[in-house]
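Position chain X relative to chain H; hints supplied.
As they're listed, the protein sequences go chains H and X.
All residue numbers for the first sequence refer to our numbering, where the first residue is 806 and numbers rise by one.
All residue numbers for the second sequence refer to our numbering, where the first residue is 84 and numbers rise by one.
Just so you know, the hints here were simulated from the structure itself, not pulled from any lab data.
Be careful, since some hints might not be right.
[To be verified] Cross-link-like lysine to aspartate or glutamate pairs, in silico, EDC-like; alpha carbons within 20 Å at most: (1) X:Lys111 - X:Glu92; (2) H:Lys1041 - X:Glu92; (3) X:Lys521 - X:Asp383; (4) X:Lys224 - X:Glu289; (5) X:Lys170 - H:Glu1033; (6) H:Lys1134 - X:Asp197; (7) X:Lys338 - X:Asp318; (8) H:Lys1041 - X:Asp599; (9) H:Lys1134 - X:Asp375; (10) H:Lys1134 - X:Asp231; (11) H:Lys1134 - X:Glu577; (12) X:Lys194 - H:Glu1033.
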Amino acid sequence: MNPVFKIILQRLALGLLTLLIVSFVIFTAVNLLPGDFAQAILGQSATPEAIASIRRDLGLDQPFFARYFVWLGDMLQGDLGVSYAQLNFQTNMGAAELKTVADQIAPRFANTMFLAGVTAAIAVPFAVGLGVLAALYRNSVFDKVANISTLTSISSPEFFLAYILVLFLAVLNPLLPSIANIYQGIPFTDRLIATLLPALTLTLVVTAHMMRMTRAAIINLLASPYIEMARLKGVKPLRIITHHALPNAWAPIINVIALNLAYLITGVVVVEVVFNYPGIGQLFVDAVKNRDIPVVQACCLIFAGAYILLNLAADILSILTNPRLRHPK
Amino acid sequence: MSDRATLVEMRGIHMEGRSDETWMPIIKGVDLTLKKGEVLGLIGESGAGKSTLGLAAMGFTRDGVRISQGSVHFDGIDLLAASAEQKRQLLGKRIAYVAQSAAASFNPAHKLIDQHSEAPLAHGVSGKSEAEQDGMELYRKLRLPNPDEIGFRYPHQVSGGQLQRAMTAMAMSCRPDLIIFDEPTTALDVTTQIEVLAAIRNIVEEFDTAAIYITHDLAVVAQMADRIKVLLKGDEVEEAETREMLSNPKEDYTKSLWAVREFQRPAKAAPAVDAVPVVSVQGITAAYGKMDVLKDVSFDIHAGRTVAVVGESGSGKSTTARCITGLLPPRIGVIEFDGKPLPLDYRKRTRDELRQAQMIYQMADTALNPRQRIRDIIGRPVEFYSGLKGRAKRERVDELLEQIELPAAQFGDRLPSELSGGQKQRIGIARALAAEPKFIICDEVTSALDQLVAEGILRLLARLQDELGLSYMFITHDLATVRSIADEVVVMKEGKVVEQGPKAEMFQPPHHPYTDLLLSSVPEMDPDWLTNLLAERGVENIGDAASAQMD
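So here's chain X without its partners, still in its complex pose:
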């Protein structure tokens, strides 16, 4: 690959973002070189500047961002000196972009095929019918179902994984020299992700397209990239060939990224046979409108233990949580707390019954009132459930902040916007603890966080469990998280429990075929993982295709 011509050459890039009235540095002097046909993985946590740098390689900056120093050359063209019109003629034709959320990046008002042919038409690459024919051909190559027909649908009529592949097809419509993939599979379920990864990798190889693949997931980048560049807060940490980087990371930060998934709680002894579970869900069936979305779901959660509920989006995990908290009273079934049945509707529960089951949400950003100070956010449930006022309430809030490792003196008077993502999630935990519950539902609490931060949250939750004897229902789609903290696992699919048992058993064969599919779809750090899996199972037997065969 080293003998190939250089396609992108970025030198000494400094970028700044506008924050209030001042320009703050985002990228602090990064070099990037990409050769024709090569795939470069760009990894780092959120805020590392990956997307900003990726867009800069297209000569593009978002509003409020500027390139303050450095140079960007694409195939010898100076993109920073080029006029807007010159750049417009390159974009879509020779440089294309695949965004993180296909659902948001397709215009809801137009059919897929019309959006697909827009770039070829705008750049005069081909005529309309020719572009549409080519679109169907690409859809076929990307293994979309009904390739001749799917383009005539609107974005909302197509599933997320299919849209992501349609967007990859759209990026390919002018056969560009370079595609920027900006976290293209982050928003997808594992079984969908694996199909999209396989499709992207195939088509990039087939057309010998160069790519910058941006992601925060090391295992994903290991499958896709020839070389990996690690970014931290706008600085380059290191860059190396993929295999070299995986087997022999040099910098401490890179090593810490590699080590994140190693946190694992020691296994707990099984609960006594006659123990009364804290929460017992017995045969619940629940519906939105006339559609049953949960079918006969049963499981127990014992004192001091963590039950992970796993499954893909739409499998009914969060709906189960809504049933337990009484927000969605189930149509059939019983929910027992400490052996006593709970009223199904939260409005009929006593304050003490409400207090016992608390919830922590996925998006700490939207779950905290942005206009209230931390002290008030936590103080409110303290007062509501324990009736503390004045000094006693203040002391209790301080104590709770202490428990989540945020000193009250420093954080008590801040607004949520003055906290980082991980700190906000900790406030969410403190708010749940304020009620002094026995049982907490954690709904995807780490999925919006970077790996290092997420690990900190998991360690905190584990410590609180040991100290306070809490029981957790841990909703997640991330099997690495399950591995690290669960005692028992419940696997859900389409509103039903397909398998449940102690964690040790779940990660040992034999599995229910669906559990097996979930487990096998989680990317591993081995750069040959995807290749081997495809060779072993065949492209027909991975991801959603396999899931569909099971039904």
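Chain H extracted, bound-state conformation:
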């Protein structure tokens, strides 16, 4: 078998194992959260019988491992469960028209993926291009300005960057909407315009890492004998960077890109709040506030899955950039 396939299969299996372990960690951690859903919903005056009844209906009285395996079994079948917040505990439980966790998460997740996708489409080429130019003109004024400005933007709080962009692109020059008004069935172009400001804010947040890693990975290679050989062949400076250094520098760059993309999927609550963007981050925060355990667990699992999947993709792509593996002897 081609060694690349073997490595990819190994990584895939490892990724699944990691996800399994993470699922256990999530379940344990959520169980350790202080507070109790039944207590929270019924209030201070609830009778112990009422609380016990709800706990029984939700299966909360079962032993820890029993609950874990039931949950895991449901997850494996694609059943994320029913949100507690949707249940009406005063009347009958388990009525026919219940909204499942999957129904709740799906549109939010799609929005998050759209935002992450738009951001990545802007930020990755921008950051890599900037890194290449910074490496080409290393130690010049351009290099220093690029470094300082990206570092400034990554060091500033996200909401601050967001409001600055709102000030310049929505208030002073009304080019883009300051509120991301996204509704069901919105046309693609409207959706894109509504997403642009949050995406630009996030671009400012993630560019610095990727740009600096691109620059460092390329400069690291410039002392290699094959770069010297290219210079001594009379190859033009830009081509030396793009054709001789970059193809060998992808592995670290890809890994930093993957980490930043994972951040875009899991960590953008602040930006969602500022622009009132209906992403998964806000849903997650609300669910934690309400002790809506099935939603919290499902969100956590999705976040973990995103991290594992992106890192796996980064690993595989890094492997594929190695000509020794792509073209075995």
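Okay, now just chain X, sitting in the frame of chain H:
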């Protein structure tokens, strides 16, 4: 040759290298003249400034190096006044470079032929398909196997000697007026080297290319150069026509270079027939993964004697050492020490068993912890094996430093980075001695050193052997080293012992054909050596080609 036009004219070159915050001189006022079609050999030890000077002839300096004074003219063009763009248009087109390590100088991400055609395309010399066709033609001329196909491989899919020839082809791609060869065969085995030398010499003659051939190996330069210039620490020692230089060197330094290979130990009496060898390797077969890399290797090493294990890279020399030290337990076979079998895995050996077999490594640079002082590097095994502490340990370390001729007061508190290459190797020896072993494995201990320094190390090892009764297993690919210190020789090829016996017999015919090939491939000081050998055997019967015929 004297009536030819001048191609390169360097006058009063001073160069400096940046070290911390100051500029230190590297080249101290050297003149160099090269005529069209002429080959100039530039020789000297490492640090003599050969490569720096060679690159300066291209108008190129590495980062942290500058030309502080002097002038460089190439075919009337002032390279030091030329703009970066003007120089770029000359590089690759009229001036080309062949580096020491082809494996590192080819970009791992691109096919050979793409890298070959890059210069012709960049300089507008020819189109892509034309450049590729020409590349295959050059590959054929350089006697590469499958010349029409080899260019479409990636560098890691091609062997070192083939890559070196492909790089020579690449340098030729625009038919330059000048090629700088920077130690192009230093990293190769002798049988590969001879093929590359023959190929380079042929093609340089065919296209009448001028060349500066940089090397530290006198015998190699004797085959390649019309004239030789000797450098020492950035100064020119002397320059003369090759034959004149070889037969009649004028300066003492040049004479000392010529004399280095004359160190030879007196032959020792053969060991008694019933003597128990210190180390006896009996029929070991060892594997990395599923591949057997050693096949049924057996030899004995007797007390106070040196067994040289020779062979090319990949022949299993170092793997044998790893088996003896227990780092790689052999699959089959027995290793006896003083007649008693040793556990095969080092983890199962007692401390006393471990103490008896020590190792000295090829790269003293990487074998010494750069953050530890010399006293600690040597003190650690002293404490570990003999349990000495405090003052006793200190005295023992001083004594060991004395044995390797480095005064403790001066060197004890230094870091490895504050020592020269030869001094570092001496520390490696002292560290091995600290365990008070009977037996030391020396793995290519002199191959990273200059000849004069290497000779000093060999003399030291010989003296220590006489004083302490040590036995050495001496791994090397350099037959000159074998000649100077070995008592017995083991020749290895592809994991097997092809011949073994006392040194005197090994250097006398008849040989195993492989031993014969190894011996005949070592360049000699005679400038006609390569020409004669090619005439005698034919280009088909030298080097790897001949080695392949044997299989």
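So, going through the hints one by one against the coordinates:
For a cut-off of 20 Å, the pair hint linking X:Lys111 to X:Glu92 stands: about 16 Å separates their Cα positions. Note on H:Lys1041 and X:Glu92: the hinted pairing is violated, with a Cα-Cα distance of about 27 Å set against a maximum of 20 Å. Taking the CA atoms of X:Lys521 and X:Asp383, the gap is near 14 Å; set against the 20 Å cutoff, the hint holds. At roughly 10 Å between alpha-carbon atoms, X:Lys224 and X:Glu289 fall within 20 Å of each other, so this suggested pair holds.
For a cut-off of 20 Å, the pair hint linking X:Lys170 to H:Glu1033 stands: about 14 Å separates their Cα positions. At roughly 19 Å between alpha-carbon atoms, H:Lys1134 and X:Asp197 fall within 20 Å of each other, so this suggested pair holds. Between X:Lys338 and X:Asp318 the alpha-carbon distance is near 16 Å, which keeps this suggested pair within the 20 Å criterion. Between H:Lys1041 and X:Asp599 the alpha-carbon distance is near 48 Å, which puts this suggested pair outside the 20 Å criterion.
Proposed proximity of H:Lys1134 and X:Asp375 is supported: the alpha carbons are some 19 Å apart, at most 20 Å. Proximity of H:Lys1134 to X:Asp231 is assessed by CA-CA distance (about 18 Å); at most 20 Å being required, the pair is judged to hold. With a CA separation close to 19 Å, the supplied pair H:Lys1134 and X:Glu577 stays within the 20 Å bound. Using a Cα cut-off of 20 Å, the hinted pair X:Lys194 and H:Glu1033 holds, with the two alpha carbons roughly 18 Å apart.
Against the hints set out earlier in the document, violations occur for numbers 2 and 8.
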